[in-house]
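Take these sequences, add in the hints, and give me the full structure.
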Amino acid sequence: MSNAAIQVQGLNHYFGQGEACKQAIWELNLEIERGKLTILMGPSGSGKTTVLTLMGCLREVQEGSLRLLGSEINGASETQLTGFRRKLGFIFQAHNLHESLTATQNVQMGLQVHGPGNAATQLAATQHMLAIVGLADHMDYLPGNLSGGQKQRIAVARALVSNPEIVFADEPTAALDKESGMNVVAMLKALGKSRQTTTVMVTHDNRILELADRIITMEDGRIVGDTKL
Amino acid sequence: MNKLLTRIFGRLPIGWLQLIHSKTRFIAAIAGVSFATLLVFMQLGILGALNNSVIAPYEFFEADILISAEDANTITDGSNVARARLFQSLSVPGVVDGAALYIGNMEFKLADGTSSTLQTFGIDTSKGDFLSPNIGQQLRLLRDENTALIDTAIRGVAPSVFEGLATGKPFSFEISDKTLTAVGVLELGGSFFTDGTLFVSDQTFLRFFGNRSSGAPNHILINVDDGISVDVVAARLRDALPASLVKVQTLAAATTADQTYQTTERPTGIIFGFGVLIGVIVGIVIVYQVLSTDVADHLHEYATFKAMGYGQSFFLGIVFEEAIVLAVFGFIPGLIVSLGLYIGMSAATGLPIEMDPQRIIMVFIGTLVACIISGAIATLRLVGADPADLF
Chain R
1 MSNAAIQVQG LNHYFGQGEA CKQAIWELNL EIERGKLTIL MGPSGSGKTT VLTLMGCLRE
61 VQEGSLRLLG SEINGASETQ LTGFRRKLGF IFQAHNLHES LTATQNVQMG LQVHGPGNAA
121 TQLAATQHML AIVGLADHMD YLPGNLSGGQ KQRIAVARAL VSNPEIVFAD EPTAALDKES
181 GMNVVAMLKA LGKSRQTTTV MVTHDNRILE LADRIITMED GRIVGDTKL
Chain H
1 MNKLLTRIFG RLPIGWLQLI HSKTRFIAAI AGVSFATLLV FMQLGILGAL NNSVIAPYEF
61 FEADILISAE DANTITDGSN VARARLFQSL SVPGVVDGAA LYIGNMEFKL ADGTSSTLQT
121 FGIDTSKGDF LSPNIGQQLR LLRDENTALI DTAIRGVAPS VFEGLATGKP FSFEISDKTL
181 TAVGVLELGG SFFTDGTLFV SDQTFLRFFG NRSSGAPNHI LINVDDGISV DVVAARLRDA
241 LPASLVKVQT LAAATTADQT YQTTERPTGI IFGFGVLIGV IVGIVIVYQV LSTDVADHLH
301 EYATFKAMGY GQSFFLGIVF EEAIVLAVFG FIPGLIVSLG LYIGMSAATG LPIEMDPQRI
361 IMVFIGTLVA CIISGAIATL RLVGADPADL F
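Chains R and H are the protein sequences, given in the same order. To convert, note that position 115 of the first sequence is 115 in my numbering; the numbers rise steadily by one, no gaps. To convert, note that position 283 of the second sequence is 283 in my numbering; the numbers rise steadily by one, no gaps.
Don't read these hints as lab results, they were simulated from the structure. Positions of the beta carbon are idealized from the N, C-alpha and C atoms, including for glycine. Mixed in with the good hints, there may be bad ones.
Only some residues are given here: those of chain H computed to face chain R with a beta carbon under 8 Å [as the list claims (entries may be wrong)]:
1. Ala296
2. His300
3. Phe305
Here are some chain R residues pointing at chain H (derived, C-beta under 7 Å) [as the list claims (entries may be wrong)]:
4. Trp26
5. Lys36
6. His98
7. Gln112
Here you go:
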C-alpha cells in the first residue's frame, strides 16, 4: 500500500442528467504525496476545482476510486463523509467566514466540529493560531470590519487550527491583492512544512507557482502536465 | 447571554449570534412571530368570550337539575314547559324541591335615549336555595310588587347611574309603560345576545310580560336530596316525565350542551372557530417564512460548516435555537399587546373577553412547536446536498 495522502484511480465525473449530461473529469489517475504543497493549474472549466471538491469530500464521487489517507471515499455514507471532512481543512475562494461570529469564534468553529472539548484549551489554541496568522490584535473583530487579506487569514487559521492532515485551498488568493495573496500562500506553505501537512491548492495565479513542490496542469478534465520542483 | 448559551449548548450559540447580528431583521422576525401570536390570541379571546357569555347566566343558579322543553338548545330558546311537570317532579323520590323559572327580554330605556336589552329572570321569591348566594340573599327584597335586582354593568350604561343603590336609595325606571324599582344589584354585563340582566319575582315577571302565563315557565329547577346521586334522580325524572316534551339534564350538563351548541352549531360560534383555525394557519405560515428566509440567507455559511464536517444535527440545533429564541421573544410582546387589546375590546363591546393562564400556556407551546417544526422543514434542503452545490 502506497504512503500517498491521496490516491485517485480511474476517476470520472459528470454534470447534468440525460441529454444534458456532460463529462467534466476523464479517467483521472493521480497520487499526491504527504507533506508537500501541490498546485493544480489550468484554464477555467478544466475541472481542477471539481477534482479539488471531490478530494475534499464536498461532492459525491460518481465513478472510480478516490482514497484519502488510505480510506476509499467512493460509496461512503453521509456520516462517513462528515467524518472525513473533519480530518481535512478547506480554504475557499471567498473567505466564507460567518458574518455574525468574531474572528475568534470563527476559528473556534474549526475546533468545535470535533466536539465541545475544553473551552479554555480551545480558546488558547484559537488565539495561538490567530497570532500565527498575524491577527493577534483583531481577535474580537467581526469579518465585516476586516480587510480581504485579514479575512482570508482567518479562514486559513480556521482550516488549520485543528491540525488537519490534508489542507485543500481553492484559489485562496483570487480575491486578494498581490502582497496579501503572497503572504497567505507563504503562510500556508510554512505552516504545512512545520506540521507536515499535505496541501493541495487550485490556482491560476502565476505569482505563487514558485512556492509549489509540484505543479499539475489540467485541461478539459485530463492531466496534461505534471512537474515536480 | 453568550456565555450562558455557550454553556447550555456546549458550543457557540450560533443561532443566537446570527439572529442578533442584524438588529432590524431580528426585530422584523420577532414582530412577525408576535403578530402570529397576537392573531391567535385575539381569535381565542373572542371564542372564549362567546363561551363565557354562554356560561355566565347559568352561574346565577345553584340547582342540581334543569328541566327544559325538548326543543330547547339554549337557556332562552325553545318552547315553554308546563308547570304541571314541576308538581310531577316533586313526587319523584330524591327530589327535595323545585322552582319554575321564567325568562324574557325587556327593553331598558334611559332618559338620555339609550336603550338596552335586559335578559330578565323571574322566580318565586321563596326559592333562594336555587340561586347563587349573592342573588339568593337579595331575593326577599323582590317581594314588594314591581321591584328588581339590576345589573350594574349593563352595556352602554355608566355604572354611576346605579351608585345610589349602594347607599340604599332605590332606583326607579320605566319599562313597557310600567315603573320598575331596582332594590338590589348584581353584576354580569353584556353577552353576544343581551346587554345586561334583571332579576324579578315571578309575580312581577308575569305583570310585565302580559302574554306569559304562570302555567308555562321556561325551565324548571330541581334540587335533590344530599344523600342521593344527581344522576340517579335525573334518570328517575326522565322515566317519570314524557321524553317527547321535556328533557332532563343536570345543570352542569345543560351548561356544557348549550356551550357546545353555541360554538359548533350556531353561525357565530362556527365563525369564531374558523377565525382560530385561520389565525393558527397564518401564524404557522409567518413563522415558517421567517425561519426559512433565515436558513436561505445563511446557506453559504451552513455550506461552509457542512464542508468543515458539521452534521445535520448541528444545523437542526442552530435552527431550533433560533426557533426557541424567536418563540420566546415573539411571544412576550404578542402576549402584552393581546392583553391590552383584550381590555380595549372588552371595554368597547362589554363582552367578557379575558385571558386565562391555560390559554397562555397553550399558545406558547403552540408557538414553540410551530417554530420548531418550521425550522426543521427549513433545514431539509441541507440534508443530502453536496456542500459544493451550496456555494
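Hint-by-hint comparison with the structure:
1. Ala296: Since the shortest Cβ distance to chain R is 15 Å, the answer is violated.
2. His300: Interface hint status for His300/H: holds (7 Å vs cutoff 8 Å).
3. Phe305: OK, holds: Phe305/H within 8 Å of chain R, min 7 Å.
4. Trp26: With a minimum Cβ separation of about 19 Å from chain H (threshold 7 Å), the hint on Trp26/R is violated.
5. Lys36: Because about 23 Å separates Lys36/R from the closest Cβ in chain H, which is outside the 7 Å limit, the hint is violated.
6. His98: holds, 5 Å
7. Gln112: holds, 5 Å
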